[in-house]
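Student: Let the hints inform the model, and build the full structure from the sequences given.
From first to last, the protein sequence lines stand for chains A and B. 1 is the number of the first residue of the first sequence in this note's numbering; add one for each residue after it. 1001 is the number of the first residue of the second sequence in this note's numbering; add one for each residue after it.
Note that these hints are calculated values from the structure, not bench results. There's no promise every hint is true.
[Claimed, not checked] These stretches of chain A come out as covered by chain B in the derived footprint (C-beta under 8 Å, 3 or more residues):
id, region
1, 222 to 228
2, 237 to 245
3, 305 to 312
4, 352 to 360
5, 406 to 420
For each residue, glycine too, the CB sits at the ideal point set by N, CA and C.
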Amino acid sequence: MTGMLPLTIQQAHQRLRAGDISSVALTQALLDRIVALDNDVKAYLTLAPEMALEQAAEADRRRAAGEDGLLLGVPLAIKDVICVEGLPTTCGSRILENYIPPFNAAAVDRLRAAGAVIVGKTNTDEFAMGSSTENSAFFATRNPWDLERVPGGSSGGSAAAVAAGLALGALGSDTGGSVRQPAALCGVVGLKPTYGRVSRWGLVAFASSLDQIGPLAATVADAAILLGAIAGHDRRDSTAMDLPVPEYLAALTGDVHGLRIGVPCEYFLEGIQPEVEAAVRDAVAVLAGLGAEILPVSLPHTEYALPAYYLIAPAEASANLARYDGIRYGLSLRADDPSTGSGQSLWDSYRQTRGQGFGPEVKRRIMLGTYALSAGYYDAYYLRASQVRTLIRRDFEQAWQRCDLLAAPTTPTTAFKIGEKADDPLQMYLADVFTLALSLAGLCGISLPCGFDRAGLPIGLQIMGRAFDEATVLRAAHAYEQATEWHTRRPTLN
Amino acid sequence: MTTVKLSLKQVDHVAGLAKLALTNQERKTFRLQLSAILEYAERLRRLDTGDIPLTATVLPLENVMRDDETCPSLPVEDVLANAPAVEGDCFRVPIVLPTLSEGVLDSK
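Tutor: If you want it as structure tokens, here you go:
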């Protein structure tokens, strides 16, 4: 039965529509494959076989009644920072280990309305803070291309699940690169939509001016299908913009003639793995061969994205994570003996709950953000970083006057070894160096496979686009993908 | 060597603001790690940001209004289902003002 997998979403849709397979059979085959392989990959935190099979049976009934959606009956995985009603949503944290949300995230509601089947929740760095998924409080996820290496992060569980064929597609979240970076390291497609394209309702907040839910998939077309399903206005998130959502699949014409693609010189500097640079330059040449116009551009403030991001995101996180106080949900360690009447009881409950509930990286970022916002340091750190964010936005605005898209590496290196950067937070932050500027500017970008290094590890091409112009990003990515063979390679798992 | 920008006293102050109980080892480790990160952030000073406006959100947002219509909220039992301690239809919280006796509340 597991022989039918892996499948792309489009392949599954064709077979479901033709009646070759039922959603129940497909979902069961996927669950069997997960049981067989996920002990090695460790992509999933929670599997929901009973719920998934019920949803699959419902999808089969809908199809029998004449419905035919692209996602109807297709099993997907959801990053564990996105709420699915009735399933634990731990955010990879002890502090939410037993939290079961009473509602679906808006994006999940939309996938369910489209008939998608939710098979489980995928591992993540705690509260999406990390670049390797090693910061999960539960376990590290492994890269399906080399189980000794990280899958990237923070959506490492979703990326690894798609790469290993343990989900046909998945949702992740991208605050500073957390969809694109693991997609690059796992050799799959990962799209960060424009800030405001997808409702954040039910996405557990990390940095509210940056967070965005995005799809991970085996192909660009699959990512387009998922984006089309989750995008759009939502009254429950005032930042989810009331803009028309294009037919993304129809935008994949294969034609890039006349598209002006800028190549920013700042993304090819010291520290980049030579094979990564070579693969990305080859990819740009392929796009040129397809008729795109390639031009060099400069984004002069790129080097400041990392220090600005690592002040702004922790500052926002320090405020957002103040809600974990052990009162309404989550871990609660109470100094709560009424007989002592100690004036410290509430304060101590907070301190103990948070001190023991959060892991080291989350505490580090809360500390950093609290410091950057504290009296006497606000101007020097948070305010200055927010001004630099304006300069970074202006870099892109300048570039858009001359080009339609930008092409660059997603990451400076391929996947690193588990443990390699675990003790040096700053080195870990540098893994995000090519994804942060786009996040700070609130734009959209995609990572897709563009080659492999000598060790057989995938390399990611990042294509960046104007705000709300995901259609053009997807079009160029699709044209490149169809002109190359990289997306057909799958890791070997026993 | 990285300059150690933060003192342990500053670490304790920030941990207090953030309501985080830290172990002695965490205090020392965070002191060094946060100092290194802040040292890295110093490079932002190379830029002249004097009259640059700050970006707090990238969206051209104006006030977002919606129709004033009532819609159902979650049932109380669902909202309380994850609570560590419940009394009646309420979250039970630790004592906030221990010197405030019930008599004071009653007299109001």
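Student: Does each hint fit the structure? Answer for all of them.
Tutor: So, going through the hints one by one against the coordinates:
1. 222 to 228: Since 0 is below three, the answer is violated.
2. 237 to 245: holds (count 3)
3. 305 to 312: holds (count 5)
4. 352 to 360: holds (count 6)
5. 406 to 420: violated (count 0)
Hint check: violations occur at hints 1, 5; the rest are consistent with the structure.
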